[in-house]
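I would like the entire structure built from these sequences, with the hints used as guidance.
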Amino acid sequence: MNLDTLNSALHAELERLNNPDLKGDGLKEEINRAEAINKIGGTIVNNARLALDAQVKIKEYQLGGNTALKPLGIK
1 MNLDTLNSAL HAELERLNNP DLKGDGLKEE INRAEAINKI GGTIVNNARL ALDAQVKIKE
61 YQLGGNTALK PLGIK
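By the count of my numbering, the sequence shown reaches residue 75 at its end, each step adding exactly one.
Bear in mind the hints are in silico, worked out from the structure with no lab data behind them. Honestly, I wouldn't trust all of these hints.
Straight-line alpha carbon distances no greater than 30 Å define the calculated DSS-like cross-link-like pairs of lysine-lysine that follow [said to hold, decoys possible]:
(1) Lys39 - Lys23
(2) Lys57 - Lys39
(3) Lys39 - Lys28
Written as C-alpha cells, this is what we have:
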C-alpha cells in the first residue's frame, strides 16, 4: 500500500462513518474497523517517514555534510 492508497482508504472509511443510517452494531463494527485502519495507517506513515529520513541522511552524507553514517558503512 502506498500513501495515495492509504489516503483513499482513510477517506472511504470517513464516508462510511458519516453514513447517518449506520447505527447500533453496524456502527460499532465500523468504528472498530476505523480504529484498525488508523493504527495500521499510522504505521505506514511512520515507515514512510523513516525511509524518507534515511534517504535525506544518506544524501547529506554523500554531500559531505553528515559523518554519522560512516560507521554504518553507508556510501
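Results of checking the hints against the structure:
1. A C-alpha spacing of about 23 Å is found between Lys39 and Lys23, which places the hinted pair at or below 30 Å, so the restraint holds.
2. For the hint pairing Lys57 with Lys39, the CA-to-CA distance comes to about 27 Å; that is within 30 Å, so the pair holds.
3. Using a Cα cut-off of 30 Å, the hinted pair Lys39 and Lys28 holds, with the two alpha carbons roughly 17 Å apart.
Checked against the numbered hints given earlier, this structure breaks none of them.
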